[in-house]
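Asks: Here are the chains, one letter per residue:
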Amino acid sequence: MDSWKLEDREFNSRLLIGSALYPSPQIMQDAIRASGSQIVTVALRRQSATNLNSGNSFWELIKELNITVLPNTAGCHTAKEAITTAMMAREIFETNWIKLEVIGNQYNLQPDPFELVEATRVLIKEGFRVLPYMSDDLVLAQKLADLGCKTLMPWGSPIGSGRGLMNPYNLKTIRKQFPNLNLIVDAGIGKPSDAILAMELGYDGVLLNSAVALAQEPIKMAKAFKYAVLAGRLGFKAGVMQKRDMASPSTPTVGTPFWHQFSK
Amino acid sequence: MRVWVNGEIKEFKRDSLTLKELLEELGYRDGFAVALNNTFVIKGKYSTTPIKESDRVDIVAPIQGG
Chain A
2 MDSWKLEDRE FNSRLLIGSA LYPSPQIMQD AIRASGSQIV TVALRRQSAT NLNSGNSFWE
62 LIKELNITVL PNTAGCHTAK EAITTAMMAR EIFETNWIKL EVIGNQYNLQ PDPFELVEAT
122 RVLIKEGFRV LPYMSDDLVL AQKLADLGCK TLMPWGSPIG SGRGLMNPYN LKTIRKQFPN
182 LNLIVDAGIG KPSDAILAME LGYDGVLLNS AVALAQEPIK MAKAFKYAVL AGRLGFKAGV
242 MQKRDMASPS TPTVGTPFWH QFSK
Chain G
517 MRVWVNGEIK EFKRDSLTLK ELLEELGYRD GFAVALNNTF VIKGKYSTTP IKESDRVDIV
577 APIQGG
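Chain order of the listed sequences is A and G.
For the record, in the first sequence the residue sitting at position 45 is 46 according to this note's numbering, with numbers rising by one throughout.
For the record, in the second sequence the residue sitting at position 61 is 577 according to this note's numbering, with numbers rising by one throughout.
Bound conformation, chain G alone (with noise of 0.2 Å):
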């Protein structure tokens, strides 16, 4: 399966997947926040939420800002 991850194609053996796999294959531990097809995730729902072909994941952390 492909997914959209940060703006690149990224290629996963598995046909089905949750996003809590998805970012564990990735190797994220902690610190960062998610949005899955423009639209916010809670941490709590990583594990309930299927991974499709095609989908855009956005994983995002702190930076500077102003």
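So here's chain A without its partners, still in its complex pose (with noise of 0.2 Å):
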């Protein structure tokens, strides 16, 4: 088994998934099961009493399947709100993990690297351990590993937007210079040879939502991803082979029949 550890706990999956968008609270949970993931992310809104005491399914859904929670400050624009997020995340989940998300712009749903920058800063000084989501530029990605991140979370591409890997140089880029860091691809994932190629470039793990929750069976793409991941990584263990110009034979030439010499 690959195990890894990522902040302070060993993981067998390295696959990390979101429990939003399902098309129902049933299939969210049996999805999440059939990744195979043991870290799931989970956020905080807004609530009435009434709703509140009518019982939080949903979170009684995600506490039956016994993995680990990354709360996420989705939605917050500024640092203020992603660490107020974050606080009331910690006393409500009883974890000091968060999935740092500080937005820039609507229509891409960017980080603001400065913002993303400060509340870090705040937070870990506050004992939190910060899993940043963050684009994938190389000067940000140093900013915050001097700030005490041991996770950097780049995006593939915009959050929702099963784009893919939009600049596989940049992310390959980041791995070679972090090579101690846990680097996650996260956001942008949509199919599954989006995950394997994270792997293959040397990602640690790779969170992805709605390419599960919105594909036609999410809990077949559940398990597709399962595997991918697993495959991705195995790839990248074994060392992929040279690339060459020109062919050549796999099978052995010697005693070919029939062989002659080609004249050019």
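Simulated from the structure, these hints should not be mistaken for lab results.
Worth double-checking, as some hints may not be accurate.
Simulated crosslink set (EDC-like; lysine to aspartate or glutamate; CA at most 16 Å straight-line) [unchecked claim]: (1) A:Lys238 x A:Glu82; (2) G:Lys561 x A:Glu92; (3) G:Lys559 x A:Glu95; (4) A:Lys244 x A:Glu201; (5) G:Lys559 x A:Glu92; (6) A:Lys192 x A:Glu218; (7) G:Lys559 x G:Glu527; (8) A:Lys177 x A:Glu201; (9) A:Lys81 x A:Glu127.
So these bits of chain A aren't anywhere near chain G, every CB distance computed over 10 Å [said to hold, decoys possible]: (10) Arg10; (11) Val43; (12) His78; (13) Glu82; (14) Ala90; (15) Gly165; (16) Thr254; (17) Phe263.
Backbone N, C-alpha and C define an ideal beta-carbon position, used for all residues, glycine too.
Once you've looked at the hints, go ahead and assemble the two chains, each given alone in its own frame, into the complex.
Replies: Below is the structure:
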């Protein structure tokens, strides 16, 4: 088993999965189970007392999964909002892990690097383990690492776009420059081959939601991603062969019947 | 006294109110966290946190997230 350490915990699965947008709560629970993921992302939103007192069935379903919960700060646009949300999440979910999201642009939901750095600075001082959702910017990665982040989560492409890895070069550069950090491609994954590519680049994990929840058959797609992440990781570990310009026969040529010398 | 609760104005008959009293009056029991004027308030301080006119209280609970 290819176990790995993320922050202060050990995991076997390298697939992190979201809990939103599924056709039904039951499909959400079944899909998360089928994915084999051991980390699920959740969020916080305003709730009326009436809703809350009738029982939070979503939260009950998540607790039944008995896996690590990673709260996010989705929807926050300033460091202040993200810090407050992280603190509320720590109290409710009883975890100091936070997927730190600070959105800078409403069109492509691109993270705001300046607010992200500021929120990270404060939250690390407050004892949080910050897993920042970030653009694929090498200098930003350096700033976050300097502040003490042990995990970075650059985007593959905009949240919910399903466009895959827009800039494998940038992702690869971040991987090369930070061999000792945990790197997770977060957002933009659309199909299993996107996850395979992320893992082949040497990323430690993949975080996705829409790709499974919005698939025609989410449970089947969750399984597909489980195997994609495994395949990509194994491929990376095994070491990919060198590309060649010319063909090279895989079947031995010695003893080929009817063999003759080509003139060209 | 009028207070913004989750983005809506709520009217309270009393002139002085703690956060704990406000939450009780609205019927909140458990499974939530609170921010007062965009700043987090830990559970243990609800009873000693005074609420003023036009304060903004946000009460949040777990939901689906990506």
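Asks: Next, verify each hint and record whether it holds.
Replies: Status of each hint after checking the structure:
Using a Cα cut-off of 16 Å, the hinted pair A:Lys238 and A:Glu82 is violated, with the two alpha carbons roughly 40 Å apart. The hinted pair formed by G:Lys561 and A:Glu92 meets the criterion: a straight-line CA distance of about 13 Å does not exceed 16 Å. For the suggested pair G:Lys559 and A:Glu95, the alpha carbons sit about 13 Å apart, so the restraint of at most 16 Å is met. For the proposed pair A:Lys244 and A:Glu201, the alpha carbon gap of about 15 Å is at most 16 Å, so the pair holds.
A C-alpha spacing of about 8 Å is found between G:Lys559 and A:Glu92, which places the hinted pair at or below 16 Å, so the restraint holds. Annotation: proposed proximity of A:Lys192 to A:Glu218 holds, straight-line Cα distance about 13 Å (limit 16 Å). With a C-alpha separation of about 23 Å, the suggested pairing of G:Lys559 with G:Glu527 is violated against the 16 Å cut-off. For the proposed pair A:Lys177 and A:Glu201, the alpha carbon gap of about 13 Å is at most 16 Å, so the pair holds.
A C-alpha spacing of about 14 Å is found between A:Lys81 and A:Glu127, which places the hinted pair at or below 16 Å, so the restraint holds. The claim that A:Arg10 lies off the interface holds: its Cβ sits roughly 19 Å from the closest Cβ of chain G, which is beyond the 10 Å cut-off. Residue-level check failed: A:Val43 sits 5 Å from the nearest beta carbon of chain G, not beyond 10 Å. The non-interface label for A:His78 is consistent with chain G: the shortest C-beta to C-beta separation is roughly 12 Å, beyond 10 Å.
At the 10 Å boundary, the C-beta of A:Glu82 falls inside the reach of chain G, the nearest C-beta of that chain being 7 Å off. Residue-level check failed: A:Ala90 sits 7 Å from the nearest beta carbon of chain G, not beyond 10 Å. A:Gly165, annotated as away from the interface, keeps every beta carbon of chain G farther than 10 Å; the closest lies near 16 Å. Distance check for A:Thr254 against chain G: the nearest CB is about 53 Å away, which clears 10 Å, and the non-interface claim stands.
With a least CB separation of 57 Å from chain G, A:Phe263 remains clear of the 10 Å interface cut-off, as annotated.
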